[in-house]
Amino acid sequence: MDKWKSFIKNKKNQVILLLSFLCIIKIPEGGMRFVLWIAGGVLTCVLLDVLLNKVFRKKKITPQSAIITGFIVSGILDYSLDWYLLVVFSAVAILSKFIIQIKNKHVFNPANFGLFAAALFRQPLTWNIESNIYLIIAAGIYIALSIKKWPHVLGFLLVFSAAFYFSGINPLNMISWFFVFVMLIEPKTSGFGTWKGLSFGGIAGLTSFIMFKFMPQIDIFVTSLIVANIFNAIVGNVKFGQIGGK
Amino acid sequence: MRKAFIFASVIALLFCAGYVFAEQGHESSTMGHINEETTPAVEVGNKICPVSGEEIGGAMGPGTQYEYQGKVYNFCCTGCIEEFKKDPEKYVKIVEQEMPQHMGMGEEDGHEGHHHMMGEKDEDMMMGMDKGPSMMGQHQEPMMTDEAQVKEINLEAYQFAFSQDTIIVNKGDTVKIHATSRDVPHGVFIKEYGINEKVEKGKITDIEFVADKAGEFDILCSVYCGRGHQNMKAKLVVEE
Numbered sequence: 001m002d003k004w005k006s007f008i009k010n011k012k013n014q015v016i017l018l019l020s021f022l023c024i025i026k027i028p029e030g031g032m033r034f035v036l037w038i039a040g041g042v043l044t045c046v047l048l049d050v051l052l053n054k055v056f057r058k059k060k061i062t063p064q065s066a067i068i069t070g071f072i073v074s075g076i077l078d079y080s081l082d083w084y085l086l087v088v089f090s091a092v093a094i095l096s097k098f099i100i101q102i103k104n105k106h107v108f109n110p111a112n113f114g115l116f117a118a119a120l121f122r123q124p125l126t127w128n129i130e131s132n133i134y135l136i137i138a139a140g141i142y143i144a145l146s147i148k149k150w151p152h153v154l155g156f157l158l159v160f161s162a163a164f165y166f167s168g169i170n171p172l173n174m175i176s177w178f179f180v181f182v183m184l185i186e187p188k189t190s191g192f193g194t195w196k197g198l199s200f201g202g203i204a205g206l207t208s209f210i211m212f213k214f215m216p217q218i219d220i221f222v223t224s225l226i227v228a229n230i231f232n233a234i235v236g237n238v239k240f241g242q243i244g245g246k
Numbered sequence: 001m002r003k004a005f006i007f008a009s010v011i012a013l014l015f016c017a018g019y020v021f022a023e024q025g026h027e028s029s030t031m032g033h034i035n036e037e038t039t040p041a042v043e044v045g046n047k048i049c050p051v052s053g054e055e056i057g058g059a060m061g062p063g064t065q066y067e068y069q070g071k072v073y074n075f076c077c078t079g080c081i082e083e084f085k086k087d088p089e090k091y092v093k094i095v096e097q098e099m100p101q102h103m104g105m106g107e108e109d110g111h112e113g114h115h116h117m118m119g120e121k122d123e124d125m126m127m128g129m130d131k132g133p134s135m136m137g138q139h140q141e142p143m144m145t146d147e148a149q150v151k152e153i154n155l156e157a158y159q160f161a162f163s164q165d166t167i168i169v170n171k172g173d174t175v176k177i178h179a180t181s182r183d184v185p186h187g188v189f190i191k192e193y194g195i196n197e198k199v200e201k202g203k204i205t206d207i208e209f210v211a212d213k214a215g216e217f218d219i220l221c222s223v224y225c226g227r228g229h230q231n232m233k234a235k236l237v238v239e240e
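Those protein sequence lines, which keep their order, are chains R and E.
With the numbering used here applied, the first sequence corresponds to residues 1 to 246, in that order.
With the numbering used here applied, the second sequence corresponds to residues 1 to 240, in that order.
Pairwise CB distance ranges, derived in the manner of DEER restraints:
no.: 1; chain 1: R; residue 1: Val87; chain 2: E; residue 2: Asn231; range: 21 to 31 angstroms
no.: 2; chain 1: E; residue 1: Lys213; chain 2: R; residue 2: Leu158; range: 43 to 53 angstroms
no.: 3; chain 1: R; residue 1: Tyr84; chain 2: E; residue 2: Asn231; range: 19 to 29 angstroms
no.: 4; chain 1: R; residue 1: Lys213; chain 2: E; residue 2: Asn231; range: 23 to 33 angstroms
no.: 5; chain 1: R; residue 1: Ile25; chain 2: E; residue 2: Thr166; range: 21 to 31 angstroms
no.: 6; chain 1: R; residue 1: Trp195; chain 2: E; residue 2: Lys203; range: 34 to 44 angstroms
no.: 7; chain 1: E; residue 1: Thr166; chain 2: R; residue 2: Gly193; range: 49 to 59 angstroms
no.: 8; chain 1: E; residue 1: Gly79; chain 2: R; residue 2: Pro28; range: 55 to 65 angstroms
no.: 9; chain 1: E; residue 1: Thr166; chain 2: R; residue 2: Arg33; range: 12 to 22 angstroms
no.: 10; chain 1: E; residue 1: Glu240; chain 2: R; residue 2: Phe56; range: 48 to 58 angstroms
no.: 11; chain 1: R; residue 1: Phe121; chain 2: E; residue 2: Gly79; range: 53 to 63 angstroms
no.: 12; chain 1: E; residue 1: Gln97; chain 2: R; residue 2: Tyr165; range: 41 to 51 angstroms
Hint data in this document are derived by calculation from the structure and do not stem from the laboratory.
Virtual Cβ for every residue (Gly too), placed ideally from N, Cα, C.
Assemble the whole structure, with the sequences as input and the hints as a guide.
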């Protein structure tokens, strides 16, 4: 019982549960192909993360982050694509964690980086994992509050909503709640603090709108998080150029 | 606790405000209304009044215009507009028949040719494009041009569907899709044919390919277009 309690209290496990539910909801429509696609993404990320940690960092890990990354990459990348693309972009996601680092901390949200690579290669991101927005919002509010990421969410929502509203487009029709409550608030790449969070979210919101206006074919949310991650790295006042882990 | 309350309140407020906005937007999009402020009407450019048969700009004077389902038609006089309103579809068909001789709706600035430039004959085919709700969820039998096995298809994308859920062509056909958007940018992605094109409101994107693979293929929206993006799909059926 205690084991279960500690398991459920773990934030990463909560996110994994949320992602699992979202995928289960999608199964009736996506079918076996979708199940295998998700499993393939998760497996690729987990195997690669475990392997790279063992070889380069000489440590054993519990691959919760890799599971989340796998869910996100495979849940957003369209599941009708060729299998090798899933493996490639899942691998890019995990590799980004090991390669693009500053002071031994990765700069980009790994899943988002993999998806950004996919978007650059004009692969469709269909966001199939966003299967129930009410579940995402309910769980997302709880998670954002418990990991103190509400300023990020607020910053994003305010800027994104204002920009779309004033250009005559319903922001609620355009927003991705999955992006807001799962991807934007990834703890390691978004920074902490009220003002930093508001700025981080605001930059992501503004970039989303600019991308929507000028380059919507490259996913607006994925690109906006790349920009916000770079902002976070710069504000973190660290030097670029340190490549590779310990 | 206070922060949590404020945070939840702001989210709830945004949601309520957006819901009202969404309801209004949904109503106008599902009813197929084309708002003049947001969707520029297309000039059909007919030179003969479909009601009287008179040449516009001739003995009856400079003529007048009337917009119907996002298209602006020319008439010789206001009396003919009133007649047109009684049975618009009848007169639209007459205009369509006239268009081979007097086609004028190809506005170059709103026309994006990714795979080929549209010729006069291609533009004739655009007359078959229905921007209203009548084509929603229906199959469209592609229009045949004079040349056999060239099929012209008009496809409109909108939040969150395509104007046709199934497009049926024969293997070996040259398929020309003229795609546009009713609202926000969308994408037309057909994996098996290597097609991935952005479509925008007010522009026609031409997509051309030879249907050399038989089967059923998904047509997906490849540009994030909102909360229903994942469900925005159609089907291309290539029959043997």
